[in-house]
Amino acid sequence: MVMGVMEIGLAHYLVLGAVLLVCGLVTILTKRNAIGILIGVELVLNAANINLVAFNRYSHGVSEGGGVALAGQVFAIFVIVLAAAEAAVALSIFLNFYNNFTSVDVEKAKELRG
Amino acid sequence: MPTPALLLLIATLVPLVSFVVLVLLGKRMGNPLAGWVATGAIGTSFALSILAAISWLGGSPEWGCGNMPINVPIPWVPTGWGIGPQTKTGYLDLGLYVDSLTIVMFSMVCLVSLLVHVFSIGYMGEDKGYPRFFTYLSLFCFSMLGLVVGGTLMQLFVFWELVGLCSYLLIGFWHEKKSASNAAIKAFVVNRIGDVGFLIGLGVLFYHLGNVTLPEVWAALDSSKLIGSPEGIRVAGIGMFSVRALTVMGVGLFCGAIGKSAQFPLHVWLPDAMEGPTPVSALIHAATMVAAGVYLVARIFPILTDGAKLVVAIIGVTTLTMAALIALVQSDLKKVLAYSTLSQLGYMILAMGIGSWVGGMFHLITHAFFKALLFLGSGAVIYAAHHEQDMKEYGGLWRKMPITAIAFGIAVLAITGTPYFSGYFSKDLIMAHAGAFGALASEEGRSGWYWLLFVLPVVIAYVTAFYMTRCWMLTFWGKPRNEHVFEHAHERGIMWAPLAVLAVLSVVGGYDGLLNVKGFLNAAVTENTKYVQMVHPEGKFGGYESAWPSDEPGLSRSGEDEDHGATEVLTASQAAHKQGWHVMHQSVRWAPLVGIGMGILMYMRGYAVANVLMKAAPVRWVHTWLYRRMYFDELYMGVFVAITVGLARLGAAFDQYVIDGLVNLAGYAVRQLSSLAGLCDRYVVDGGVNGVGAATQGLGALVRMPQTGRIRLYVTVVLGIVAIGIAAVVVVVVATVM
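Protein sequence lines correspond, in order, to chains X and C. All the letters of the first sequence, read from the start, carry residue numbers 65 to 178 under the working numbering. All the letters of the second sequence, read from the start, carry residue numbers -13 to 724 under the working numbering.
Be aware that a few hints might be false.
As the list claims (entries may be wrong) - Derived Cβ-Cβ restraints for the label pairs, each shown as a range:
{"hint": "1", "chain 1": "X", "residue 1": "78", "chain 2": "C", "residue 2": "706", "range": "38 to 44 Å"}
{"hint": "2", "chain 1": "X", "residue 1": "121", "chain 2": "C", "residue 2": "706", "range": "18 to 24 Å"}
{"hint": "3", "chain 1": "C", "residue 1": "706", "chain 2": "X", "residue 2": "80", "range": "21 to 27 Å"}
{"hint": "4", "chain 1": "X", "residue 1": "163", "chain 2": "C", "residue 2": "721", "range": "30 to 36 Å"}
{"hint": "5", "chain 1": "C", "residue 1": "669", "chain 2": "X", "residue 2": "163", "range": "51 to 57 Å"}
{"hint": "6", "chain 1": "C", "residue 1": "679", "chain 2": "X", "residue 2": "141", "range": "53 to 59 Å"}
{"hint": "7", "chain 1": "X", "residue 1": "134", "chain 2": "C", "residue 2": "724", "range": "37 to 43 Å"}
{"hint": "8", "chain 1": "X", "residue 1": "163", "chain 2": "C", "residue 2": "722", "range": "52 to 58 Å"}
{"hint": "9", "chain 1": "X", "residue 1": "163", "chain 2": "C", "residue 2": "716", "range": "30 to 36 Å"}
{"hint": "10", "chain 1": "X", "residue 1": "97", "chain 2": "C", "residue 2": "716", "range": "32 to 38 Å"}
{"hint": "11", "chain 1": "X", "residue 1": "99", "chain 2": "C", "residue 2": "692", "range": "46 to 52 Å"}
{"hint": "12", "chain 1": "X", "residue 1": "146", "chain 2": "C", "residue 2": "722", "range": "32 to 38 Å"}
If you're looking for bench data, these hints aren't it; they were derived computationally from the structure. Note that the structure is predicted; figures quoted are calculated from it, not measured. Glycine included, C-beta positions come from ideal geometry on N, C-alpha and C.
This is chain X alone, in the form it adopts within the complex:
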C-alpha cells in the first residue's frame, strides 16, 4: 500500500455519514420550505444508510451460517423503502397543506400549537 495514498477505511465512511447527517439536520433546521425539510430528512436517512453499509463492510462480514453477512445492506434497503413511503405520505400531506394555505411554509402550520 502506498503511503502517500491514503487507503479509504471505515473512518472515512463514518465521517462522510456524519457530514451528511449534519447537512441534513442543518437543512431541516434552516429550511422553511416543507420540501426542503423533506430533503433534509432524506439526507439524515441516507447518512444512516452509509453508516449501516459501512459497518456491515467492516464488521466480521461472516454470518453464523458461514455465508456473507448482509444485515447492514438489508437494513439500508429497508430504510430506502421506508424513506420512499415516508416521502409519499409527506408529499401528500404537503399537497393538502398547500391546498389550504397556498403555501408550503412550515411556519404557517401552527393550527395545532398549544
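Based on these hints, arrange chain C on the given structure of chain X.
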C-alpha cells in the same frame, strides 16, 4: 221513647229545621215568607208541646203528671274510669228529662216565642235584614228548647252556650250601629265570665261524681244528706264529697246563672242589650235567655248547700233592690223595662235562695207573660213613634193606640202584684216564703240581718208599683210632648194581636184552676222525688226538703178541716210558712195601691211634679247617681276593663320588645352565622375548587408554552436534548474510565 218525650224532641228539632232552611233559602224567600216559615216552625213546636202536655196529663203507669218523670239518656262520651277519686266508670251523656217543670217551661217558651215571631213579622217588616232576623230567632228557639228538655248538666251547658251565641247575634242585629255591636260584645263577654263559673262547678261535680246526669246528681248529692253529716256527703263507691267542695260547686254553677240571668254584679249587659230589636228584647227578657239562668238554679236546687243558697239569696236581693232603684229614674222606655226585668229576676233568684222553689219558677212563668207583653207593647209604641224610645217624647199615646195602652196597663198591673192578676200570686208566694224564712231564722236565734231578705223585697214591691205606673203614665197619659211622634202613632193588627193574647195570659196565668202552673210545679217536685227514690231505693232523697210548700197549710184545706185545725200538728216549716203569709199580707197589702196611686199623682201632668222635685239638690244628686246606673259601667270600665286593657298593653309591649327582640336577635345571630358560613364557602370551599382549576390551568399554560407549532423549534429542542444527553454520556464514560 214515651210519647211526651218524643213529642218534645220533635218540637225541639222543628225550629232547627227551620233554621237550616232559612240559612240556605232565607234570602230567596225574602219578606214575608221567611218570617212565616219561622213562625210556622215555632207554631208547630207550640202545638206539639200542647200535645205533649195533654199526653203528660193523661199519664201512663211509668210516667205522668205527679207520677214519674221520663228520663231518656243518650250516651255521648264515655270517659272511662279513674277520673278523680271515683272508681266507677265515668260518662258524659246527653239526654231528655221530662217532668212537669219541663212541660210548663217548654209550653211557655214556645208560646211566648210564637207570639214574638208573629209580632216580629209586623215589627221587622221594613228591615232589610228580615230573613236573617228570623234565621236567628229560629236558632234561638231551638237552643232554648234544647236547654229546657236537657237531661244532663252537660246538655244544659251546650245549649246554654248556644243561647248565649244567639243573644249575641240578635243584640248585635243592627251591627252597623256601633252601640249595638258594642252591646252584643258586652253581653257575650259578661256571659263568658259567668260561664267560667259554670264550667268550674261542672268540673268539680264531674271530678267527684264521674257524670253530670241530673237524676244521678240529685240522688248522690241531695242537700238533705248533709243534715246527718255536716262535714260532707259520702258517695257510694266514690268517696267523700266535702261540704266545702259542694258549696264551691253550687256557687260555681250559680255563677253561670248570674251571667245569664243578669244578676248583680254581672247585670250590666242586660240594659245594653236593649240595642237589639225590641222583639228580641221581649224574647230575651221573657222566654229565653234570662229564664235559662233561673231554670238552671231550679235544676240544681236539690244539691245546693245552705251556704250556696245563702249566696243565691243575697245576690237575688241585691239585684232586685238595685235594679228597681235604677228603674225609677230612667227615661228610656226600654231601659225602664230592662231594669224591671232585672228586679223581677232578682225576686226569682231570691226565691231559689230562700227555698221557694215553686215560687221562683211560678214567678218565672207569670213574669214571662207580662214581661213579653210589656216589651211587645213597648215595641208597638216604638214602632209607632218612629223608633223614638225616650219617654220625654211620648205622652197621651192612649188616644192613638188604645189597645196597646190597655194591654200595657194590664201588664203593669200584673207586674205590680195587683190582686187577681197573675203577678199577684207568684210574687206573694215568694214574699210569703221570704217572711217565713225571716221568721224561721229569728226562731233559730240567727242574726236579724236575715229579715233583710224579707224587708227589701217588700219595700221594692212598693217601688216596683211606682216606677211601672210612672212608665205607663209618661207614655200613654197626659198631653203629647212631641207632636210629630203623636201624629205618626198608629196601630197594626199583626202587632196588637199577640198583645191581646199575652194580656189574657197575664191575667189568668196565676190561677190554679186555669193554667195550674203551680200545680204542675208541685207535681214536678213529687215526680222527681219519686223517680230518684225508685232508681236508688237504698238512698233517701230529700232534695226538696228545704223548699217551702207552695200552699198555706190552713188555706188549702176545706172548711171542715179548718175547725179541727187545733188538732193538726204542723211541722216547723209549715208553721213558719203560715207565719210568713201573715207577715207578708200585712206588709204588702197596700203595695200596688200605694205605688200606683203615687205614680198617678206624680205623673198626672207629665213631668210637672218631677221637675219641681228636681229643684232640690239632694234629689238631683240621687237622680243623677241612679240615672247613670249607680256608675256600674264606669266602675267596670275604670277597673276591670282598664286592668284588662292595661294587661293587654303590657302583653303587647312584652311581645313587641321582649319576644320580638328575642326573635329578632335570634334572626340576627343566624344571619351573622350564615354570612360567616357564606364567607367560608366562598373563600375556603370555592377557593379550593377554583384553586384546583387555576392550578390545572396554570400547569396547562406552562405545558402549552413549548408547543409553539414551529417544527424547527421542536427539532432544535430535540437536537439540543440529544446533544446534552450525548454530552452527559461522554462525561460519564470519561469520568468512569479515568
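Against the structure, the hints:
1. X:78 x C:706: 38 to 44 Å: 23 Å, violated
2. X:121 x C:706: 18 to 24 Å: 33 Å, violated
3. C:706 x X:80: 21 to 27 Å: 25 Å, holds
4. X:163 x C:721: 30 to 36 Å: 54 Å, violated
5. C:669 x X:163: 51 to 57 Å: At roughly 54 Å between Cβ atoms, residue 163 of chain X and residue 669 of chain C fall inside 51 to 57 Å, so the hint holds.
6. C:679 x X:141: 53 to 59 Å: Cβ of residue 679 of chain C to Cβ of residue 141 of chain X: about 54 Å, so the range 53 to 59 Å holds.
7. X:134 x C:724: 37 to 43 Å: 39 Å, holds
8. X:163 x C:722: 52 to 58 Å: 55 Å, holds
9. X:163 x C:716: 30 to 36 Å: 46 Å, violated
10. X:97 x C:716: 32 to 38 Å: Roughly 34 Å apart at Cβ, these two residues keep to the hinted range, so it holds.
11. X:99 x C:692: 46 to 52 Å: Check failed, 26 Å falls outside 46 to 52 Å.
12. X:146 x C:722: 32 to 38 Å: Taking Cβ atoms as reference, residue 146 of chain X and residue 722 of chain C lie about 36 Å apart, which means the hint holds.
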